[in-house]
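Asks: Listed below, chain by chain, are the residues.
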Amino acid sequence: MSDNSSAAARPTPSALERLAGLREQVKIVLLVAAALLTGGVLQLFVEPGPKQLVVAGLIAGVATFALSQLLPGRWREVMAGFRFASVLLVILALAAALGTLILQGRPFEEYTAKYGAVGDLIVALRLDDLFHSLWFACLVALFGAAVVNSALLRFPVKAKNLGFFVCHLGLITSLVGAALSSFFAVRGRVELFADGSTVNQVYVTKGGQVQVAGYDARGQPIPATAALGFDLRLDQFDLVRYATEYRVGYYEPKAMADGRMEWRLKASFDPEPGVKHLLPGGNAFSIAKLWTSYVPGNEAANLAEGKDAAGRAMSNPAAALEIRVDGEATTTAPLVALGGQNFAPVPPHASQPRGYLAFERREEEAKSYQSHVTATTPSGEKRQALVSVNDPFTYQGWTFYQVNYDPKNPKYSGLEAVHDPGVTWVFVGFTLIMVGVAYMFYVETRLKRRVRAEPPAEVPARTAA
Amino acid sequence: MLYILAEHPWFVAASAAYAAALALYAAAWRSTKAVVGRLATGAMCAALAMNAALIVGRWLQADRPPFKSLFESLVFLAFTSGAVYLVMERLYRTRVFGVLAAFGSFGALAYAVTKWDAEIVKLPPALQSGWFVPHVVVYFVGYGAAFFATAVAAVQLAAGRWEWVRRLLSTRAGSVLTGKALDLEQVTYDAIKFSFTLLTVGLLFGSVWAKSAWGDYWVWDPKENWSLVTWLVYGAYLHLRRVKGWRGDRGAWLAIAGFAVIMFTYLGMEMLPTAQQSAHVYSGQ
Chain Z
1 MSDNSSAAAR PTPSALERLA GLREQVKIVL LVAAALLTGG VLQLFVEPGP KQLVVAGLIA
61 GVATFALSQL LPGRWREVMA GFRFASVLLV ILALAAALGT LILQGRPFEE YTAKYGAVGD
121 LIVALRLDDL FHSLWFACLV ALFGAAVVNS ALLRFPVKAK NLGFFVCHLG LITSLVGAAL
181 SSFFAVRGRV ELFADGSTVN QVYVTKGGQV QVAGYDARGQ PIPATAALGF DLRLDQFDLV
241 RYATEYRVGY YEPKAMADGR MEWRLKASFD PEPGVKHLLP GGNAFSIAKL WTSYVPGNEA
301 ANLAEGKDAA GRAMSNPAAA LEIRVDGEAT TTAPLVALGG QNFAPVPPHA SQPRGYLAFE
361 RREEEAKSYQ SHVTATTPSG EKRQALVSVN DPFTYQGWTF YQVNYDPKNP KYSGLEAVHD
421 PGVTWVFVGF TLIMVGVAYM FYVETRLKRR VRAEPPAEVP ARTAA
Chain B
1 MLYILAEHPW FVAASAAYAA ALALYAAAWR STKAVVGRLA TGAMCAALAM NAALIVGRWL
61 QADRPPFKSL FESLVFLAFT SGAVYLVMER LYRTRVFGVL AAFGSFGALA YAVTKWDAEI
121 VKLPPALQSG WFVPHVVVYF VGYGAAFFAT AVAAVQLAAG RWEWVRRLLS TRAGSVLTGK
181 ALDLEQVTYD AIKFSFTLLT VGLLFGSVWA KSAWGDYWVW DPKENWSLVT WLVYGAYLHL
241 RRVKGWRGDR GAWLAIAGFA VIMFTYLGME MLPTAQQSAH VYSGQ
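Protein chains in written order, with the working numbering: chain Z, 1 to 465; chain B, 1 to 285.
Keep in mind that the hints were calculated from the coordinates and are not lab data. Note that the Cβ used here is the ideal one computed from N, Cα and C, for glycine as well. Certain hints may be false.
[As the list claims (entries may be wrong)] Below are the DSS-like pairs computed for lysine-lysine, each with C-alpha atoms no more than 25 Å apart in a straight line:
| id | chain 1 | residue 1 | chain 2 | residue 2 |
| --- | --- | --- | --- | --- |
| 1 | Z | Lys266 | B | Lys244 |
| 2 | Z | Lys408 | B | Lys223 |
| 3 | Z | Lys206 | B | Lys223 |
[Claimed, not checked] Stretch by stretch, here's where chain B covers chain Z in the computed footprint (C-beta under 8 Å, at least three residues):
| id | region |
| --- | --- |
| 4 | 43-56 |
| 5 | 64-74 |
| 6 | 94-106 |
[Claimed, not checked] Calculated Cβ distances over 10 Å to all of chain Z for the following chain B residues:
| id | residue |
| --- | --- |
| 7 | Tyr92 |
| 8 | Ala126 |
| 9 | Gly160 |
| 10 | Arg166 |
| 11 | Asp183 |
| 12 | Gly215 |
| 13 | Tyr266 |
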């Protein structure tokens, strides 16, 4: 019989069989491409939003998982494999990096203006809000399905693979928590004034911008709000600033990328009379005289001397600097910190100085700010609390974060209010990931090593029947 | 240089000690005397002590943890890289990688000079958190371990190409270099496992801190994203190691790529078009 006749006798493989027979690499490419395409096409018809993202991700994840279980040809093994996991991790990494190379969340016109024709493509592919696009959600869903598959394939849980399961359970828990956050979380702005007034709602925000619920009869936007369920009052607002201090600063020019020249603070020194300081470039200076309250024309008054001079109370301080260049000393006129001329060039008489020494007052930066608030429920139950940066206040499902203040209005306090039922699960997931990774690398390895080191169990000698 | 010498003697002393350690570790390859290697380790310990003094001094002077500016963080990176190396030296009983480790710490301090920022910046309220120190320390020890892994991966690649590197690795000089064959791939893997564990903890500490400061555990900030990229790349390395054909040179290149991503995350944020959207760009950069 000829070869041709045997080929003719062989039945043509069905599409499913052809799919089953594909190499692992091809299957991986198909899975990733399918996820990207599905998300890409879907977002042409569905406007991406937090709920849409979660629903699409969930459907994609479940569908991928179901297909991996039903399709013949080791699809499940491919999806549970290290190669597939690695490819997904790299693709997610590329997506995360891409989101930092393209400006995110800007008005559409800005993309066209900045990137030209590519700008339209960026907007069309939702690369302008990449992390909220449906193709990214599908990619994350694929990752979720891979995590579940790999865990199921390695079931049951034993001491030797406990870390793997804990870590992968943590990943899934975090993803579920993030989905819950996307679906149910409400975030908003609360602006309080310490004038006895109360607020009982938050202005809902997205990406820091107050959302619009609709428009009134005059066409003015109506901000979206969410009810707190209780009244919140600002009793007192505290703004603590760092203590005022005076220092001698040394500035040098730095050429910026856009051609501008900017004076940069290179070093600064306590105002201690008589202490010699070297400057970058080898020049030196010392404070010849320091006045705590300078009176022009009466240079003998209010002189401060000694090492503790810098710590004294200063109302109108001034300093005369002795600048030493190539062994030659020049003493400047009194530099009044709060006056117009508080700096001197280095070298003192150079037309193009290398730098400037300035006797200056440091900005009084905010050290901390905090709100004393009272929450009152409709039933009259009261709760007083302090809200400060890094120390939020949680009440009846809402958490308040101190995020803003107005230096010109000491009675104003800006709080961020968040109601997020998913966050607990996210942090539970994070903890599981940490514990799982540590166990996997440092406990499982020891357990496996111990098993390898154990002498093999004696095989009972086969006795002749 | 004179300025730094006069104003910051611990900085110069630490740099000089790292340079001395570098020279001694290099000399240990040529010398047959065991004492040279011990001296190299001693110099490295002295350098670390001085580096620690620099950090503690700055901490006391600033009255806050000295991790705010790029300069301060580079000084800390020099310390953590050196400290991680010393632990590895003890663990693997070899001084083969001492030159690279000392070079790394010295390089971090040398780079810090170019970013000189002696001005002590006040800590804004958001950074006054109990999470600040653990987050930074865990990350920088992780960076130190990643640097060590990269150095070993680079040696592994070089040994596969050049005979003289192979000879250096198997040199037996007194009791300094044992001459015992090292499984470089395994050493890289161990260091990356350690680094990945710390990067995981650091990333998660950061998200908990962000939640308590701003109410969001993740805002897709460029620095957050690149920390995630680092984690994902090392995650890929750890998975691919189980795939046939991905040990050896390919794995070493991936380890180096992971460290390149770390360095970009640490130093490259200013280059990104989205840098202005980030709350994490160092002052002094």
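Asks: If you test the structure against every hint from before, which numbers come out violated?
Replies: Of the numbered hints given earlier, those the structure breaks are 1, 2, 4, 5, 8 and 12, listed in rising order.
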